[in-house]
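So the sequences go chain by chain: A and B. Each residue of the first sequence is one higher than the last, beginning at 1 in the UniProt record's numbering. Each residue of the second sequence is one higher than the last, beginning at 1 in the UniProt record's numbering.
Treat each hint with caution, since some may be false.
Copies of the same chain look alike in the list, so a pair counts if it works inside one copy or between any two.
To be verified - Here are the simulated DSS-like cross-link-like pairs (lysine-lysine), alpha carbons at most 27 Å apart as the crow flies:
id, residue 1, residue 2
1, Lys269, Lys326
2, Lys142, Lys255
3, Lys616, Lys197
4, Lys723, Lys863
5, Lys326, Lys135
6, Lys115, Lys170
7, Lys792, Lys852
8, Lys115, Lys264
9, Lys197, Lys122
10, Lys255, Lys115
11, Lys520, Lys142
12, Lys808, Lys792
13, Lys264, Lys309
14, Lys615, Lys772
15, Lys160, Lys326
16, Lys852, Lys410
Hints in this document: simulated from the structure, not taken from any laboratory.
Protein chains: 2
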Amino acid sequence: MHFHDNQRKVDYVLAYHYRKRGAHLGHGSPGHSLAVISNGETGKERQAGGPGDIELGPLDALEEQRREQREEFESNLMAAGLELEKDLESKNQGSVFVRIHAPWQVLAREAEFLKIKVPTKKMYEIKAGGSIAKKFNAVLQKLSSPLQPKVPEHSNNRMKNLSYPFSREKMYLYNIQEKDSFFDNATRSRIVHEILKRTACSRANNTMGINSLIANNIYEAAYPLHDGEYDSPGDDMNDRKLLYQEWARYGVFYKFQPIDLIRKYFGEKIGLYFAWLGLYTSFLIPSSVIGVIVFLYGCATIEEDIPSKEMCDQQNAFTMCPLCDKSCDYWNLSSACGTARASHLFDNPATVFFSIFMALWATMFLENWKRLQMRLGYFWDLTGIEEEEVSSLEHSRPEYETKVREKMLKENDKSVVQKLEINATEKEEEDDDEDKLTWKDRFPGYLMNFASILFMITLTFSIVFGVIVYRITTAAALSLNKATRSNVRVTVTATAVIINLVVILILDEIYGAVAKWLTKIEVPKTEQTFEERLILKAFLLKFVNAYSPIFYVAFFKGRFVGRPGSYVYVFDGYRMEECAPGGCLMELCIQLSIIMLGKQLIQNNIFEIGVPKLKKLFRKLKDETEPGEADPEHSKHPEQWDLDYSLEPYTGLTPEYMEMIIQFGFVTLFVASFPLAPVFALLNNVIEVRLDAKKFVTELRRPDAVRTKDIGIWFDILSGIGKFSVIINAFVIAVTSDFIPRLVYQYSYSHNGTLHGFVNHTLSFFNVSQLKEGTQPENSQFDQEVQFCRFKDYREPPWAPNPYEFSKQYWSVLSARLAFVIIFQNLVMFMSVLVDWMIPDIPTDISDQIKKEKSLLVDFFLKEEHEKLKLTDEPAQRSQGGGDRSRRSRATSSAPSGPSPTGSRASSASQHTNV
Amino acid sequence: MHFHDNQRKVDYVLAYHYRKRGAHLGHGSPGHSLAVISNGETGKERQAGGPGDIELGPLDALEEQRREQREEFESNLMAAGLELEKDLESKNQGSVFVRIHAPWQVLAREAEFLKIKVPTKKMYEIKAGGSIAKKFNAVLQKLSSPLQPKVPEHSNNRMKNLSYPFSREKMYLYNIQEKDSFFDNATRSRIVHEILKRTACSRANNTMGINSLIANNIYEAAYPLHDGEYDSPGDDMNDRKLLYQEWARYGVFYKFQPIDLIRKYFGEKIGLYFAWLGLYTSFLIPSSVIGVIVFLYGCATIEEDIPSKEMCDQQNAFTMCPLCDKSCDYWNLSSACGTARASHLFDNPATVFFSIFMALWATMFLENWKRLQMRLGYFWDLTGIEEEEVSSLEHSRPEYETKVREKMLKENDKSVVQKLEINATEKEEEDDDEDKLTWKDRFPGYLMNFASILFMITLTFSIVFGVIVYRITTAAALSLNKATRSNVRVTVTATAVIINLVVILILDEIYGAVAKWLTKIEVPKTEQTFEERLILKAFLLKFVNAYSPIFYVAFFKGRFVGRPGSYVYVFDGYRMEECAPGGCLMELCIQLSIIMLGKQLIQNNIFEIGVPKLKKLFRKLKDETEPGEADPEHSKHPEQWDLDYSLEPYTGLTPEYMEMIIQFGFVTLFVASFPLAPVFALLNNVIEVRLDAKKFVTELRRPDAVRTKDIGIWFDILSGIGKFSVIINAFVIAVTSDFIPRLVYQYSYSHNGTLHGFVNHTLSFFNVSQLKEGTQPENSQFDQEVQFCRFKDYREPPWAPNPYEFSKQYWSVLSARLAFVIIFQNLVMFMSVLVDWMIPDIPTDISDQIKKEKSLLVDFFLKEEHEKLKLTDEPAQRSQGGGDRSRRSRATSSAPSGPSPTGSRASSASQHTNV
């Protein structure tokens, strides 16, 4: 954790691999393998290592070049004030760690540049609201104490230090007890990282920063160190161990997360992710409860549901038209009794209420997140950092710089040729565009992007269509065989959904990679635009992938069937598939639950637990196969940088967020058809939190602490999904479920205001004799003579003047459905806006605190100002002699009434302003 | 403009009225009337005035108290460093002006506190895009040069100074040529105003700031001075005169506004208002053009419109059912030919396109406003001011403080009584709530607000209903009389709309006052919340007031008529009113145009031009009637503060914005029915800009320069109206216009795909014999025997099994209408979101500039840093002797390869970090 002098803390580590040509000459001096190079006190050891190296044979060109670039970079770092230490390159090849320490001067300077807010000496009390609120909070705290993680609180909860951006001119403001520990580890590493990003390396094509060097393989890795081992025996506690014990174990799944500690250790960005995940998970609790209640309501009322009772009634059974040509027979509606009853579980009035609730829930969640974000921002001193945040992300990406350089080289080549032709002035004007990529340069990338995304989406759709064809053909094939005919529907649905699931899982991985590749092709300028575009593309592809089969079932399946006598055929002899007699909602529900559960289970278990383990195993095997001059002493007591080097590098939060966002979609988009979604999401997330935590604490190198005020583009995506869900739910209720037809029947057609006769009302008549030649059921075994068969649609009966046209009922039900969509959508959107507006984005107590902090700050400075003025003023006053001056100024103060009681105070104060 | 020493600039003026009891004793010494009191060089004159005042008789208590408070306040101001000058109170009564000058020290100190950004010495070039863009800009500039106001540009347009918050420790950064003119007048007055707001006056119940003192009548007015006279003869130019000549005259209506000068003179808030108004007006130009084209398209196609031709066809005339009971006769549809043709002007497919266009136009406008705001923010150095902005508005309002004080007094009274009963700890807890108003204190205010707003809205609705009743009864009364029967409809509609207009105008004024009163009752804490709540309330009331008659005509009129044989009666014998045969759209159009035009013309002419003139006249008369010991010398050469005192005080931008927002509503909300609205709005605004400009330049006291980054709540209201307009337009097209029925007829019912037969299709049959007893037309003079009359509705004919029920056509048309609403709403909203997303909020060039500015700033400071370090380091190095240190540090730099070429540079730099 420290340099070899055991004093200077290691704030950052650069790792690189070296290989020597001359090594096989046997020059390696093992005695020096531990010699340490640094610009500190141990520098004298260098004398021993130096001459040995000079005698080495010629290194190969690339290696030599890299070494030079490294040297230049490191010397630039030292020029910036950092202190470096590294081991000797004593062996033929191996990893070298450059340890970096930032001394106080550097930290202070950079903290001032970065406007890092640090606590001042001044503390103030945080108001906890009125007396009732206080008592309530106390009770709540007592009740929840077993759920609180056992983390020592860094500061008194009731007091907060006034924070102010660090300034070396105002050192007296801050409570600096020890300079070594004034900035915490995350801040130190952030400062060093900032310098690393800024430092140029003129040899490496003038690239800026460590990221370019890593991209060019000059360094292999750059990471800050973990605070220690998380599973070390004994009582010595470090933050990492604390996090492991109180947060990153499944055993503590019921506890709150120690957000402040997470933020202190990993930085604000990761802290915000876990805070968001925690809030989301806790918001899932009420929606799960209500979802279960809605489901139970469905279970409880199943016996009272008149339509399903009517469908199950064997006495008054309806003779239905055959489901396929030739091989299918007429059938009794009562045989579909099971699905009808099951679909009532999800298709009852409570789901309408539930989907309104969930739309408002989504708004509430987002509003509360904004508030939590503000609260965290206040306690983490993030208010007013936006400018600095941008600057840390606006460094150009190495790929962008490479591209620009290539372009400039090409332009230069061209301009050499063209120089004779074009005159100088025009040339100058063109120079403006040279240092950035124009639209023309980007066009191929954009075109490629557009084409690929289009192709991917088409691919997804074709796979969905393929599965549909599979379903149709398999169903037809199976129904030919009498033995399998009985459970055709179950077999076909189950296999099709599983195929869908597998395809989704595979494409998910592929699309993730494709999105990354496409974004690279686009060559965005900064890290931030790269991230945003990647997220947008990945989201688009994954969203389409995960939801297209569900959309098909919800809105398209069974709507283009045609009618008996004029069915729609996909291709010769294969009719479009119909929904089950209970309605498509049941199938939608099955589809949803299998895809959601399967996706979560498989992705969690295999991809998030299994793959890292496999990778570890693979690396271990590789390490063992490589002979490697393993240092026995080294491997016994590995240093922290060795340990961290062996961990996986941190690659960003995008996959974690993406998984949750897709899940959020499942929870909100189709909640009208699957009220149990929140429960499954909740169960998943309780595990997910600890899984992610474990990954961050035990399996990844420590990420750079990144400061952000918000979760960025994810918030927009979330609120977009929230808004989209209102429309989708409106359509699911209006179009997919039977809610509206029942309502219309009950209030317009029913004779006694009940649903009796509803099933009959929804079934149209068809005259069997009008079936097309060759499509009649062969060898019908139906027990009675069939003259009319029934089918589910609102059409005129065969005896009407315009048979099989859509009937008036059809149009009135359609009107009702559409009116419902309009009312539902606008009402819910209006309510969301209202909720949004009613809940202030900044919690009142926080905005009060912020105001208070500001006025305290002004007071603080005004006081200081006065004292300073007094100090500089008093000598001047003394030397001049206050006689005539004080007389004059008193005269001016309040003229007509002579010296007022306050006059003397005023005059003494007004003097120095006249100087 | 200056103190009597002709050197120190007057930055602010406080005015108060005094009255002396002892005056009638004849002590007033006229010789001293010009004596001047100040804390500057002229202070010696006080000696002369002083003794004369002391001999005055006893003043009355209130006056004395006020005087004392003024004295304390003024001495506190001087304590804060301001310099004051005022005239002697020589007469019995009169106005005294306290002139305030802020010396350099005060300005510098406050500028640092307020983090006012000022230009540094460093300048940089603003990139003007690529070469083509440059040329295009040059051409554009040349073309538009006659439109540009002739204002000297303060700075080179191509260069911009790097700005940095003012800091006294970094004075060398700024380009301070003369300390007196470094801060412009607006900034100076802003600084003084800030001090005035902050300074406490302990005698006046410890209130803070000048606002409380004005509220308590201790001072009468506080204002900064105008820059001079706007109509002074001669060539001496000041900013006010320049603004008058180049901006605030009707003669220059075609020119662009000199926004930078406006901002410099009036501050950012007013600058933003005029920039917004300018952008809005210029955005009205394309929409006006397209609106006129749409209207002309209607005119051009009027001869080809089949339905109106069919209606006008005298041959195949339809016999219509009577429009009222008894006294009305059957009539021929061809008699309504005129309105049918007229309504085609507004009800054609082009309006559908136009309303989509206008929805996108609104989004584009808002997006462009965001961009312009960013651009102005960049050029006006407003980036990153949000914190400071809040602080300047967060001072508690005087009313709030009074209320809190009252409450505390009451609490104290109570606590004296209760002290014996409750123990001390509980008391302490209650103290927390004492210094602010709790929900309990506010409840009566909120209740009153809620009740009043409800009452006002009910009032508006009842008036609308009253006008409806007026129309129904007058129509009935007039149709009894044969002479007036011919032009019943015209008379009734015209008078009703005029009544509506008058009511709207009157209620508008009343509601403005009511909203203010209600907000005062609410006692919001800060000026900002006051403004926001006032705006919301006033907007709600005025919106409902202006739009409720229009909403009635658009969506309710003619929908609850019933059908022949079972009409709906409002009250005995009076049927609900129907729309004209051409459809309600025509009436909506008339209603809209009259209300919009009338409102604009009358409000502009009477309220904005007439009323101020009347007020001026009134004040003049009052001044003349008051005897007033008018100072002859004074009135000949009035000082600027006298002139400004006689102007109207500035009362905020709310009315100006409100007028424009309501107009924006007219332009967007019902644009589907009145495509000429943008034209009228454009004509109005061209005048409005100059009218407002004139008001600000010539008729108002100079407002305090307020810094804001945006137009605040108005933007939210605008975007709310924009979103609302999508829904309203969807409904207007779907429900009010005949667009959908025509489409449905054309594609589903027409035999040849044309609209031939459409009119017949929309008219249902009614069997005259089924008319209720007593409602048949008396003495019908219709020329033929009537068996069936027709009415406009989709109902089953009398010979159907279920006569007069809604027919299948009704339901299919209804479905189509609703489907159109859903599609239109979601499509347009999606497009708006897309436009919003495609247009970046920050223009690329500005964001590039901001980034560049930031990196320049970092470079600037880093350079400075290095120089500073070198300066402090060199002596240290010299004294130590660089020998062993430089050797050691060179050794550390890049170990294995020995001293690298850059080593020496690195070592010299790394030294000081090791100190």
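Checked hints:
For the identical chains of this complex, Lys269 and Lys326 are neighbours neither inside a copy (63 Å) nor across copies (79 Å), given an alpha-carbon limit of 27 Å. In the homo-oligomer, the alpha carbons of Lys142 and Lys255 lie at most 27 Å apart inside one protomer (14 Å), although the nearest pairing across protomers, at 70 Å, exceeds that limit. In this assembly of identical chains, the alpha carbons of Lys616 and Lys197 never lie at most 27 Å apart, being 30 Å within a copy and 66 Å across copies at closest. When the C-alpha separation of Lys723 and Lys863 is checked against a cutoff of 27 Å, the pair qualifies neither within a copy, at 51 Å, nor between copies, at 50 Å.
For the homomeric pair Lys326 and Lys135, neither the shortest alpha-carbon distance inside one copy (76 Å) nor that between copies (75 Å) is at most 27 Å. In this assembly of identical chains, Lys115 and Lys170 lie within 27 Å of each other by CA distance both inside one copy and across copies; the values are 13 Å within and 17 Å between. Taking the closest pair of Cα atoms, Lys792 and Lys852 never come within 27 Å of each other, the shortest separation being 67 Å inside a single copy and 67 Å across copies. In the homo-oligomer, the alpha carbons of Lys115 and Lys264 lie at most 27 Å apart inside one protomer (18 Å), although the nearest pairing across protomers, at 30 Å, exceeds that limit.
Proximity of Lys197 to Lys122 under the C-alpha cut-off of 27 Å is restricted to the inter-copy arrangement: shortest distance 26 Å between copies versus 34 Å within a copy. With identical chains, the CA atoms of Lys255 and Lys115 are never at most 27 Å apart, being 35 Å at best within one copy and 44 Å at best between copies. For the identical chains of this complex, Lys520 and Lys142 are neighbours neither inside a copy (52 Å) nor across copies (43 Å), given an alpha-carbon limit of 27 Å. Within a single copy, Lys808 and Lys792 get their C-alpha atoms as close as 15 Å, and across copies as close as 20 Å, so both meet the 27 Å cut-off.
For the identical chains of this complex, Lys264 and Lys309 are neighbours neither inside a copy (61 Å) nor across copies (79 Å), given an alpha-carbon limit of 27 Å. Taking the shortest Cα distances, Lys615 and Lys772 never come within 27 Å of each other, neither inside one copy (61 Å) nor across copies (89 Å). In this homomeric assembly, Lys160 and Lys326 never come within 27 Å of each other (Cα to Cα): the closest approach is 80 Å inside a single copy and 83 Å across copies. For the homomeric pair Lys852 and Lys410, the shortest alpha-carbon distance between copies (26 Å) is at most 27 Å, but the shortest distance inside one copy (58 Å) is not.
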